[in-house]
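Here are the chains, one letter per residue:
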Amino acid sequence: MGSMGNRKALEMVRSMPRVSFVNIRDNPGSKKQKKIRGQGGSRGGESGRGRSGKSKRDTRPPIGYEGGTTPFYLRIPMFPFYKNFATRRQYIPVSLEKLQHLIDMGRIDPEEPIDVTSFVHAGAVRINVFDRVYGIHLTDEGADKFVAPVNLEVQWTSELSIAAVERSGGTISLGYYDPQSLDILSHPLQFFRRGQPIPKRLLPPKDLVDMYTDPSKRGYLSDPNQIKENRLLLAQKFGYELPDLTKGSRRALHR
Amino acid sequence: MFGRVCLLCSLSRPVVSAHLSRTHQLRALYSSYESQYSLNKLYPGSDQDVTKPLDKPSKELFLRLQDDIEEVSETEKFSGFIPIDKLNVKFSKSGGPGGQNVNKVESKVDLRFHLESAEWLPASIRAQIQEKKQTNINAKGELVITSQKTRSQMRNVQDCLQKLRDIIAEVQRTPKEPDENSAAVWRMRQEKSTRERLKQKTIHSRTKTDRQVYADE
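Protein sequence lines correspond, in order, to chains A and B. When we follow the working numbering, the leftmost residue of the first sequence carries the number 1, and every step to the right adds one. When we follow the working numbering, the leftmost residue of the second sequence carries the number 1001, and every step to the right adds one.
Calculated directly from the structure, the hints in this document are not laboratory data. Predicted model only: the values in this text are computed from it and were never measured. Think of the CB as a built atom: it goes at the ideal place given N, C-alpha and C, for glycine as much as any other residue.
Under the rule of at most 25 Å between Cα atoms (straight-line distance), these lysine-lysine pairs were calculated in the DSS-like manner: (1) Lys237(A) <-> Lys1090(B); (2) Lys145(A) <-> Lys1163(B); (3) Lys1077(B) <-> Lys1132(B).
Only part of the chain B face toward chain A is listed, based on derived beta-carbon distances under 10 Å: (4) Leu1039; (5) Tyr1043; (6) Asp1047; (7) Pro1053; (8) Ser1058; (9) Val1089; (10) Val1109; (11) Leu1161; (12) Gln1162.
With the rest of the complex left out, here is chain B:
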């Protein structure tokens, strides 16, 4: 725009808005038009620029991926966020049939992290995993999760993370203790089933005895 000759003024100076051509005026008019279904009107509080990340993601955001855990104190609650850079994820070839594809594609996923030094998990959860999931922990103290469920590496990573979330939820669940009444009922049922089993056993024994043939008969 700078340097254009303004015909009305016949002087070389920057063209001001009053002298904009008709097409420029129309463009300015239509670029400001917003239909009633424009995103600004449908969602007035939202920022349309995708490049800008969320200002304050809500605390419960990542808990949507985690199963609801009952009876957990607020201070020791897992936030639901797993820092992927703190995990050691390795890929390798999967086992089983599948021909050339299974031989070439690295779809098996091995996910591990050192349990003691995982600061992103509350200390109580770390202790509970250490106690209850010894079979998944190696000599170095790493929790190891693998998956070769699907043909796709991405889906197997998803499976590994889901397994990790399931472990976190499982170790926090307190098993329901049976109350006194149900313990007595359970014992009575056990004794009854044992009695019934022994009764059937004697009947069967008698049948077998009846079938016996003695030489002197």
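This is chain A alone, in the form it adopts within the complex:
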């Protein structure tokens, strides 16, 4: 089915004259202008360099030169703020306050497992894997007021956030998704329309293995029994009674 724009374009083409040498031209940028030597053309003669002087003779000082005083860019000491920045992993922050708000507004359904796809469909985050985004970081702002029982999977979190979620009668786990898998997870319907087979979800890289096998961080590759122990310990540490997960609405749990 052609859209309105396509139909208009076709009608225009029908009414246009026949293509000939008169009404075609090269694509912009396809033909580069030749260098002009001597007096011919606009860049002839002095070649845009002006009359005698340092600018003509290419003996100007370097950019940033301040006539002899130490230039600004040499006065300020170096600090590696952006060292390895291009290779660092980024995690989009979502606070517990934001999550509670999304649930209260009905943008996220707490009866279903909540993962990256839920956050993207709720419009809370935008995942662009080309910005080296590796997932979502659940921050602990709003932990005191968080009350929704959720079944959550994120990629980074803190101990306080885990405590806040478990205190409310929910579960949380940390799951690693390699960039290709994360990209698919953030727009699954578009991916399925392509008709491509689902690629393998890779295991975490070496420096992330410790995190995802750590039961105190609720890693998805950690020992389930140790996770249960940790749930009890965390409840003791933060002073709440661990809710009974068998009661309440039946939800498909991640693990």
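Use these hints to put chain B onto chain A, whose structure you have.
Chain B only, in chain A's frame:
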């Protein structure tokens, strides 16, 4: 599945597994597949169902939160478990600067429980707390612990519980008695420091005297 017409038999009866469609067969096949990194294979003894609590939590589990206490008899050892429902926890607004946030948010935590009737603490520990922590016990016999260390209520509750655990550990520690040799050495050092102090004092006194000017000089 019930009531579907089986084409081979052309009779209305429940469809048995032999007549399952290809997609159902594939689904059954793939749902039984387990990779070598599946949790069943990595941790064979663990129950994956999070809703089921642990069958037998180990005795030392809660002691991970408690500092190691030396020289305690087994019968009187604290298990490490604090029953939160037996504690009386109250929240109120914190003091200090902080503008609108400190005025509105109830981040101060007050934790108290009646010491004598705390069955979860061994009797010897209760007695020791009564003896050594009188300043933290009120007229009603309640041990009172407060915290307004952080901006967050949850973290302040954690701080209160940590303080409680520290008290339990502290009252059980027997202070190390100094042995005979060290007592004598300590006395000698005290006398030496006193002698030195008095020596400096006389020197200073002489300096002050030397500065005095008499009218007849």
